[in-house]
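Engineer: Residue strings, one per chain:
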Amino acid sequence: MTVTLGEGLLVSLFALISGIDFWLEGFYIFRPMIVCTVTGLMLGDLRLGIIAGGLTELAFAGLTPVGGTQPPNPVMAGIMTVVIAHTTGHSPATAIGLALPFSILMQYIILFYYSAFSVFTKKLDDYAKEANTKKFARLALMPTVVVGVTYAIIAFLCVYGAQAPMRELVNAMPGWLSHGFQIAGGILPAVGFGVLLKSMLKMQYVPYLLIGFTAACFIKFGNLMPVAVIGAALAFIEYSHARRNSVVDKKLKEIQDNANNGGEDDGI
Amino acid sequence: MTVTLGEGLLVSLFALISGIDFWLEGFYIFRPMIVCTVTGLMLGDLRLGIIAGGLTELAFAGLTPVGGTQPPNPVMAGIMTVVIAHTTGHSPATAIGLALPFSILMQYIILFYYSAFSVFTKKLDDYAKEANTKKFARLALMPTVVVGVTYAIIAFLCVYGAQAPMRELVNAMPGWLSHGFQIAGGILPAVGFGVLLKSMLKMQYVPYLLIGFTAACFIKFGNLMPVAVIGAALAFIEYSHARRNSVVDKKLKEIQDNANNGGEDDGI
Amino acid sequence: MTVTLGEGLLVSLFALISGIDFWLEGFYIFRPMIVCTVTGLMLGDLRLGIIAGGLTELAFAGLTPVGGTQPPNPVMAGIMTVVIAHTTGHSPATAIGLALPFSILMQYIILFYYSAFSVFTKKLDDYAKEANTKKFARLALMPTVVVGVTYAIIAFLCVYGAQAPMRELVNAMPGWLSHGFQIAGGILPAVGFGVLLKSMLKMQYVPYLLIGFTAACFIKFGNLMPVAVIGAALAFIEYSHARRNSVVDKKLKEIQDNANNGGEDDGI
Amino acid sequence: MASNSTVTPKRGKLSGKDITKLGVRSIYNQSAMNYERMQSDGWTLAMTPMLKKVYGEDTDGLAAAMSANLQFINTNNYAAPLLMGLLASLEENGEQRSTIDGLRIALFGPLAGIGDAITWFTILPIVAGITASFAKQGSILGPLVFFLVYVALFFARIPIAHLGYSAGTKAIESIRENSAIVSHAASVLGCTVIGGLIASYVQIKVLTKIPVAAGHTISIQTQFFDRIFPNILPLGYTFLLYYLLKKKNTSPVLLILLTFVLAILLSWMGVL
Amino acid sequence: MASNSTVTPKRGKLSGKDITKLGVRSIYNQSAMNYERMQSDGWTLAMTPMLKKVYGEDTDGLAAAMSANLQFINTNNYAAPLLMGLLASLEENGEQRSTIDGLRIALFGPLAGIGDAITWFTILPIVAGITASFAKQGSILGPLVFFLVYVALFFARIPIAHLGYSAGTKAIESIRENSAIVSHAASVLGCTVIGGLIASYVQIKVLTKIPVAAGHTISIQTQFFDRIFPNILPLGYTFLLYYLLKKKNTSPVLLILLTFVLAILLSWMGVL
Amino acid sequence: MASNSTVTPKRGKLSGKDITKLGVRSIYNQSAMNYERMQSDGWTLAMTPMLKKVYGEDTDGLAAAMSANLQFINTNNYAAPLLMGLLASLEENGEQRSTIDGLRIALFGPLAGIGDAITWFTILPIVAGITASFAKQGSILGPLVFFLVYVALFFARIPIAHLGYSAGTKAIESIRENSAIVSHAASVLGCTVIGGLIASYVQIKVLTKIPVAAGHTISIQTQFFDRIFPNILPLGYTFLLYYLLKKKNTSPVLLILLTFVLAILLSWMGVL
Ligand SMILES: OC[C@H]1O[C@H](O)[C@@H](O)[C@@H](O)[C@@H]1O
Ligand SMILES: OC[C@H]1O[C@H](O)[C@@H](O)[C@@H](O)[C@@H]1O
Ligand SMILES: OC[C@H]1O[C@H](O)[C@@H](O)[C@@H](O)[C@@H]1O
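Residue numbers (UniProt numbering), protein chains in the order written: chain A, 1 to 268; chain B, 1 to 268; chain C, 1 to 268; chain D, 1 to 272; chain E, 1 to 272; chain F, 1 to 272.
Do not take every clue at face value.
Unchecked claim - Calculated cross-link-like contacts (lysine-lysine; reagent style DSBU-like; alpha-carbon spacing at most 35 Å):
hint, chain 1, residue 1, chain 2, residue 2
1, F, K21, C, K202
2, D, K246, D, K205
3, E, K13, E, K52
4, A, K135, E, K13
5, E, K246, C, K250
6, D, K248, E, K246
7, A, K134, E, K53
8, B, K123, D, K52
Hints were generated in silico from the structure; no laboratory data involved.
Chain A with its partners taken away, still in its complex shape (with noise of 0.2 Å):
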């Protein structure tokens, strides 16, 4: 199927929101979950685009800006990866891989203008001891204008001008390579957990994450909520020692410096 120019004009629209959506961090619609049904809405396939959100938020799981890293853009991610199974007919799985590439374009456009964006600053302080506010809001949100109609363009030619092209290319894939790359889609969120174990996991969590490793193996239901269930309890007796433990540090550390106090005053 092609998408039509009203099509690539709509998902365009929603590009320009949920980009500025993912740069204000506000009401995460820009995670792949609702990228893609909105996506797959605009285009005529809501199922596939649920599909696809489930997957494509999953492969993108770990893959956050804590700490003000950018990571392969969730956006493009997820309306690439709906566009692309929609016109080439390959399943979700397939198109994860194939939209990567889309995906860290924008990561790349999102890092330059983190840098380009420090120009600004000096005008900002000027304004501000001034304290000029009216100039000041209008300045401080030129960035996210930036931003969103860039989306906005970026989107649109990804997703109405490059079609003929991509559909040549996803069509001449051999079966093996359309199969790497579904392969590579459930793969993929492995990179994810990765990053987030960096950052989470120190020796003392390992067990936990044993713990839940097991249970979703062994238990055998629709979703996760019995390892979060499991999680949640064991997070909250954890809780409940350690609170016990700064209480017992706390009067420790009192002891001692009164004990110090005492022996300096001793002294004096």
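Use these hints to put chains B, C, D, E and F with the ligands onto chain A, whose structure you have.
Structural biologist: Chains B, C, D, E and F with the ligands only, in chain A's frame:
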């Protein structure tokens, strides 16, 4: 089926005995598990009695006299559940609901006695002052006798006397109503568990509730032993921790006391 | 089937090697898992050897030489289980029981050697005093050689020499007796686990035993890895707690020591 | 703190049998339960023979002891023999009236707490939960095991009384200290089991099916609730009741009636 | 430590509405994100109306406050309203510039840590994991629940701002103290869930079958890996990536490419 | 505490290779095991080449060292190389004989405890339990994995010896401190696994069926024991044996015979 006079007297006698047992909290034959079973046996339908016992026991699980309160009466609930199921042919689950008014009636009678028996205290004080142990014993046992006889009378009236109107009433019930009673019987245990939780559940025990709940949801087994075993294991682990904590607390207290004493000694 | 002379010598050689391995506790090829497998291979029935290895290994799980004690001998148990199953056609489970006398025989021989080898100590003291390392080495290795040769001889006699009477004996067994031996093989691991528990199980570890037991009862999986993973997770959590506890204890001790020292200093 | 009043007349000695009898007589503890002094009348009735033996000829002492025991008391019925045994040893040792009474008053509260946690909140739900699963299938094992457990518990009153007697005053410190720890562990066990009981025995199943197309319906229960978490409605309803009981102080009887009304209403509407 | 400079001009009062507005405006926090000062421009934009109200006629004070807020800041976006509210109460109370700035600088780091632990590392994986299981089956419940959760979180900015405002200086000590404990508990939950996510959502299945006899093959996946532990390959591969990320500092993008190359290669070889 | 005796002749230097050799030679530890001095002969045999290199020309020193090492010792065989390495560093550094001997005597006990807990009580049951599940199905994976694990453990003696050598005296404090903690964690793991082993590998099934009516029987196993708790008989019997071993000090061999007699008897009676 009808309850014969002989059966009515038999059940009435058992009401006297189990009523006294509830009054004294002796052998716990006052719990619906036993009351239903024995009543079923007396009415010639042991199997019905046992099944009703299981159901009614659970419906009354948390309804206990802890702290001197008085719950809906388990003896009358047990007797009447079996009697109603036996005479009207309804399922025990439905009968639990229909037996409830009798249970609440007896609850209020006991509550009345709790107030009324205060009249004896004056006299008992006097006997005590005279160290008249004989008279003291006779009077202190009087309330137990009164309670037992009351149970016998009330049970006889409900079981034997009221059966004709009751059967009519029950037979006139439309389907949705008896279905409603049956459903209520299935939900009723929630009240008891709520009452139990009211006195047990502090924030720090929530995780254990969740663990027990989740375990029971996913461990397929005919009884709750697995959950109880897990609970026992967790309780034991917590016990070890608490023991250890109390040792630390004791030492901390000692040190602080010494510090204070030391300070005071110096001061004096 | 009969054991040929060649097979008998081969097994005898392996008994020498694995016997020395048990004496030195080197590569653990003395455990029934390996002994049975190799014996099976030598007798031309590898599969039987492997299966018998699994069964016999478990039956001897807790029977270890910890603390310088001497358990029923795993080498002879392993060899004879396979040999008996092979020559009489009985199941390995039955054969474990029939092999036991040979295992106990060897146990007593080793026990005898433990006492006997004390005779060398006098001479070794002398060599040490002379710093005569050559002679020391030769003498200190002597017991190992004696043990190895003993294994070879005993194994040859049992495997090759005693096979005719043994087959007769076994063939004469009524059904209930061989069934009894088989059942005993299934219960035997309990002894080993009991021995393990004797040295490990303090009150505070009972909950973990229960958790492992319950987990194994309800997690349907072909091996014990899930239980081991859960155990490892719990062990790790306990390790973190214990580490933390020891830090607190240290601080408490420090404070108390300081207090005492302080007190003494003041006194002086 | 020990008895230093030399004027106290020498008191009688108690035998092992006396303590056994005291344990059995602890069954009288609620014989005259009333709102004015709760268990005190029955409590005194249970104590009388023991006191009589201790005071012997000393009728004044006996009268004083009986009167003292008639003060307000309300404790757990399986903890009562423990306290009785403990007090018996004090009476026998000739402690002062005030010491004895002070201890009785100081200990009945903590003992009620720990006793209730173990007997009402832990043993009963576990025994009820497990035996009910047998009984519901019509197996006599259910009531039989239930009965045997509680007969055993009744006779446990005897060793409990002996425990209290032999522990004597040394026990007091330990009871105070460990009551919190034991209650804590019992609560952990109790709450775990109640969680399991909620999942196993509260039954709420929505019958409503939403028609989405001709001949095609979606079941609210199996296609919605059961997919989120098993038994989520029983858990939710139990927590609602808990909330009403705890925060709104609603009476259990009212909640029972509410449950009936709701059940019948929703049955009538075809929802349950 | 409190303001003792009597030269400070009296400052304006803030209403509840002002704080609500502050909470909503905290959305501007990243409006001009850049590598030089990260969120400071957007942060100041969010704060401006509040500062304006506080300083009123005092333009110099406003200019000073705005300039101070333009210093480097980078914190979690759900923790930002908390810090904003807290600082609003200090500005309103006429604390000295240096006190206010010191607190802002001292707190944004810890708040980033605790906020990220809760929002990015715990809530997102849980919500994503659970809703994805619905979405993968084509159920609209997935995106719907996801959306509702995050709309609710957006509006939580308002009470969070109020919390910060009303807690005032008292909160500081408590934030410092509890941030470690809450992060710890969140990590426990987060790691448990990630363990579950690995098992549920990373999919690696070896297709290779080894022929052992004519017409008889052994499947590497079902007869080897699946017998050792379910999902052992997903766990192993995730740990390999973790190792590369943590110890070798490999970039995630490189690992994504590596994953693709491997997947395509092994697909071509018929292994996956 | 360090060597301050200037009379000690200068001692030889050890190379990495010497320590590697020491690790391998630790296999001799039990070469002459006997009840008088347990491992001391083999222990000394393992140490000799290292001691020779250290003492070189100083034959008196070597003789003294050898004689000292011949004192009673009994430690875990995987902990032995650790202790050997540690002592090697002390010998090399010229510590006094009494210091070295004191440490050897002080440490072999704790090291036996922690080593046994890890190797005999944790690793062996786990490896045996898991590989046996493969072997019981006839898969060569079972013995293969078992063998590889223990070959690896054998060669671990080398790094263990190096660890002991490089840790030197600093290690002593840490071993003393952590041995309790590590043993504790190992016991937790060990007991969990043994619980699992009991459930998986002890097999007791009652065959008795009670006839209740014509053609209708009740199976004791499936309709009674299996309904109470799975594998309750194996657990019960194991605990009985544990009780006999622990409290009655029964010998394991006796219990093995008892098990046989019981099994054959009950087989004859048709119960098992
Ligand atoms: O880590 C703190 C903070 O860093 C960046 O500013 C953003 O990615 C936020 O989402 C994050 O919370
Ligand atoms: O709560 C203490 C106590 O209160 C009442 O006296 C009775 O209901 C007892 O069962 C209970 O143990
Ligand atoms: O218990 C210490 C030690 O004792 C004996 O020497 C041997 O059985 C070793 O395997 C064991 O480790």
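Engineer: Just pull the numbers of the violated hints for me, sorted ascending.
Structural biologist: 1 and 6
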